[in-house]
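Undergrad: Sequences listed follow chains Y and L, in order.
Quick note on the working numbering: the first sequence kicks off at 10 and runs consecutively.
Quick note on the working numbering: the second sequence kicks off at 216 and runs consecutively.
Hints are computed from structural coordinates only; laboratory data are not their basis.
Treat the hints loosely; a few may be bogus.
What the hints assert, rightly or not - Part of the chain L face toward chain Y, derived, beta carbon under 8 Å:
{"no.": "1", "residue": "Met-236"}
{"no.": "2", "residue": "Ile-247"}
{"no.": "3", "residue": "Val-251"}
{"no.": "4", "residue": "Val-253"}
{"no.": "5", "residue": "Gly-265"}
{"no.": "6", "residue": "Trp-268"}
{"no.": "7", "residue": "Gly-269"}
{"no.": "8", "residue": "Tyr-271"}
{"no.": "9", "residue": "Ala-272"}
{"no.": "10", "residue": "Ser-288"}
{"no.": "11", "residue": "Leu-329"}
{"no.": "12", "residue": "Leu-355"}
{"no.": "13", "residue": "Val-426"}
{"no.": "14", "residue": "Tyr-440"}
{"no.": "15", "residue": "Ser-475"}
{"no.": "16", "residue": "Leu-478"}
The C-beta atom is built at its ideal place from N, Cα and C for all residues, glycine as well.
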Amino acid sequence: MTRTLKTTYVLIILALLLAPLVVVAAVSLNGPQTLRFPPVEPSLRWYGELFRQSEWLVPLRNSLVIAACAAALSVVIALPLALYVWQRRGVAAKALTGMGLAPFALPPVISALGFMIFWMTLGGYGQIYATIISHGVFLVTLPLVTISLGLKGIDPLLIEAARVMGGGRWVVFRTVILPLLIPYMVSGYAFAFVLSLNEYIIAYMVAGFTVETLPIKIFNALRYGYTPILAVVSVIFAALSALIFGLIGRFGNLPRLLGAERVTRD
Amino acid sequence: MTDTPSQTAAPRWLGLWPAAMLTLFFLVPFGIMLAVSVAHRDVSGFYEWGFEWGSYARFLSVFFAKVMAVSLSVSLAAAAICVLLGFPFTVFLSAMGHTAQTRILVVLLSVLALSEVIIGFSLSTLLSQTAGIGNLFHWLGLIPEPRAYTPSLFALIAGLCYIGFPFAVLVLYPPISRLDPELIEAARVMGASGTRAFFGVIIPNLRGAIVGAFILVFVFTLGSYLLPQLLGRSEHWTLSVHITDQAIYQSNLPFAAAMSVFLMLVALALVGLASLAGRERGAA
């Protein structure tokens, strides 16, 4: 197959992936309260409306608070886990890795029901901290994978050298390992943040009726009919995700973060 | 333990904190869920501890068999389409330059991260009567009147493919991008055409990865909760929808828990199969 054909294939698939978003972006520009494509009387009216209506601002704030805290929690759990498992191979290390990877390998509805029953039994059901902890634990996999990748890339000689120079564990960690890991921690945080922001089923089952997040609000609003605000929120969320991943791609090595080894920067 | 360094960088006690957190917030919830699945249903909306197989016995019904058949076949179709489209996509992607790869990966990750609600809403808009492709077809003169293509089985499978595709590509991406280019080069030098090299060298070498991606997308779409409600009709509701429905609207936690345990066993069996397939590749 020629190069042009290959590129065309990739571009067609990308176009298909972007088509719904393009339609939604256009729909968000409708002036009157209608979903038409192409938009009627284009205006940015509904973008302003979003920031005036508290029924949308409260879920937006909830989502941001939950995502920021949950992503931090997942990094705080994943960092020591990755450090412990690194250079160790035993039953404990294997079990810990398995537990760190499991939440993501199962259909999320299972974790969601587990969390729901757990918080019902313990009494955190319907509280925002329950959503934060549930998301934090559910998303541990992401920073665990990125930080482990970072650790794999550290030259053991570097650590040996620091140790020979008389550095203790803590000094070696602070001056050698941590600075090398920070980009991986940041991208792990960003991955977890974006996924928490968009997560529906766990947030819904743990505290859906009291702590409304944006995805829950969108779904509830969908039942009462369409308004262009739905399109506006979708556009903002998609743009936010693209911005965060774009930044990772700009300042980090995205292909390597996702597991490629042969790609070099050009 | 002689080959380990004299001192590991992380002290042993460091493992205690993640172990405690994951045990408390991951293993314990699963334990409770297992216990609830055999508990007695309390009509007031909660449950009484007990031990009975009643909730599992309900699996042996025509209704449940239908739900299972719908869930499995819809996810199987989506997984097959995703891998079929995603495999060549990933092969072409990994041959591109760093900048192009980064840009495409940003698009894929953004799509992957999109909430199912937003995907469901976007697709139902795209397939709707007023703002959808029906208009385009009408304008092109293909159909007499603009029409809606949702809710339907087609819309549901399209939605599942939409969430599954980036996942398939990201699972296939590491093994494909690590595939030794010299292998293909060798095949070409020996006189194989591009297509022959593709089917004769690339695909057999990545059989494990393909099976793995297929099963992971299958499990991933099996867990989809919102798309069947937004894009499908009620007869297309999958097991995930019924689990949530039982837990929240029917207040039957034991039955919901039993269905979850069942779904987990199916998922674990499949992930086990996937890792077996991966191991075979390592041994070969």
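Undergrad: Take the hints in turn and mark each one as holding or not.
TA: A quick look at each hint next to the structure:
no.	hint	verdict
1	Met-236	holds (5 Å)
2	Ile-247	holds (5 Å)
3	Val-251	holds (5 Å)
4	Val-253	violated (13 Å)
5	Gly-265	violated (15 Å)
6	Trp-268	violated (19 Å)
7	Gly-269	violated (17 Å)
8	Tyr-271	violated (15 Å)
9	Ala-272	violated (19 Å)
10	Ser-288	violated (16 Å)
11	Leu-329	holds (6 Å)
12	Leu-355	violated (15 Å)
13	Val-426	violated (15 Å)
14	Tyr-440	holds (5 Å)
15	Ser-475	holds (5 Å)
16	Leu-478	holds (6 Å)
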